[in-house]
Amino acid sequence: MNDKKGIIIAGGAIGIIAVLLVYFGNPANMGFCIACFIRDIAGAIGLHRADVVQYIRPEIIGLVLGAFLLSLKNKEFHTKGGSSPFTRFVLGIVVMIGALIFLGCPLRMVLRLAGGDLNALVGLAGFVAGIYIGVIFLNKGFNLKRSYNITKIEGYIFPAVNVGALILLITAPAFLFFSEKGPGSMHAPIALSLAAGLIVGALAQKTRLCMVGGTRDMVLFRDMYLLTGFIAILVFSFVGNFAFGFFKLGFAEQPIAHTDGLWNFLGMAIVGWGSVLLGGCPLRQLILSGEGNTDSVISVMGMLVGAAFAHNFGLASSGAGVTANGKVAALICFAFLAIVSYLNSEDLVKKKSSQALSKANVE
Amino acid sequence: MKRIDTCGMSCPQPVLMTKKSLEENPEGLDIIVDNNTAKGNVERFLKSAGYKTAVREEDDTFLIEARK
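First to last, the sequence lines map onto chains B and P. Position 250, counted from 1, in the first sequence is what the working numbering calls 250; the numbers after and before it change by one each time, with no gaps. Here the working numbering = 1-based position in the second sequence + 1000.
Where hints are given, some of them may not hold.
[As the list claims (entries may be wrong)] Simulated crosslink set (DSSO-like; lysine-lysine; CA at most 27 Å straight-line):
1) P:K1047 / B:K5
2) B:K4 / P:K1019
3) P:K1020 / B:K140
4) B:K206 / P:K1052
5) B:K4 / B:K73
6) B:K140 / P:K1002
[Unchecked claim] Reference listing, derived: stretches of chain B covered by chain P, where coverage requires no fewer than 3 residues with Cβ under 8 Å from a Cβ of chain P:
7) 123–133
8) 142–150
9) 221–234
[Said to hold, decoys possible] Incomplete in silico selection of chain P near chain B, CB under 7 Å:
10) C1011
11) N1036
12) T1037
13) G1050
FYI, nobody ran anything at the bench for these hints, they're computed from the structure. Each residue gets a CB set at the ideal place from its N, CA and C atoms; glycine is no exception.
In isolation and in its complexed conformation, chain B is listed as follows (with noise of 0.2 Å):
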């Protein structure tokens, strides 16, 4: 027990942060959302046009340097990278495919249950699915091989990035988008969001907390440390909606979700799979990014090109439903998935091959 108080303290504090954060102006149900954060970062820098989805988001900014910080502090910060960089690049944009079909990332979909939303149940159902799916390949010997050491300036790029991030959205220029109506124009004030996200970012490179990892670990190992982190978003984030009268029960008129049950599934089916692919969920990828990981900020950068995707191409649900390039796309991530999982599987392929050369043998 006393080895879970950490996570709990983190996940109970993270649940109450978020409903703060709505609080104080973030779209409901959403205080954080890593998916939703990095589409608007997205539509700010111009990647996609959807106006009523930018804004850069101080919250990811304080989650990057949070990390960073902490990570410097506690000497954790060991700059990484090279194990399968392009396959995790695709990884995070078929990931972020699969939240801007359901409307969310793992975090925000725990948020929304909390918030009453029952559409997030049918989504954890795909998530849970997703994670099984990927688990089996893990069993079957799959991974992306290893990461090496490398010079430290490469590590420090990402966190200096997005204090430039942060200084273009203090400074505000022309050049930028922000959303003047819909979920990107409703934000907390830029300090406290900002605030959220630093002491989050640190909590959650304390804790390591993962919003897939704790599935996962609970399937392979019976292991329930970061599952522990997960219930405790969900219960606090749960009272706090509670206390602030944010709850509302059921599936239809939930903000910013749709109610189309299968399409809810699949996509986070594809948020979980792909995520125990990548090692990590979409928040777990940011905090990575942070410590020096830059397989990770590779992660990270596919998020932002699938974000500006899923808008170009007309990909990302909305309260109105799924669209049908959306469900085509889904159907390629599906596709993408089954085979990078399979190939990377050091037991099936090397079966096969290890059987091609005993039957060249025999022959």
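Here the structure of chain B is known, so what remains is to put chain P in place on it, guided by the hints.
Chain P alone, transformed into the frame defined by chain B:
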């Protein structure tokens, strides 16, 4: 004692590699990890699997000795 090297592997590979190697070497194992997260995860797994652990820091890595 058999030794496995988990350096540079992302989550949950270090624990997964430990678990697989222990199935073949149930008496014990030496595991090299290169970050605190993997160290914590591997130690937690070993404890729940009923092993005693000792950790030695070597340069940038940790050597975890797991014994029945």
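Here is what the structure says about each hint:
no.	hint	in the structure
1	P:K1047 / B:K5	holds (18 Å)
2	B:K4 / P:K1019	holds (22 Å)
3	P:K1020 / B:K140	holds (11 Å)
4	B:K206 / P:K1052	holds (25 Å)
5	B:K4 / B:K73	holds (22 Å)
6	B:K140 / P:K1002	holds (22 Å)
7	123–133	violated (count 0)
8	142–150	holds (count 6)
9	221–234	holds (count 4)
10	C1011	holds (4 Å)
11	N1036	holds (6 Å)
12	T1037	holds (5 Å)
13	G1050	violated (13 Å)
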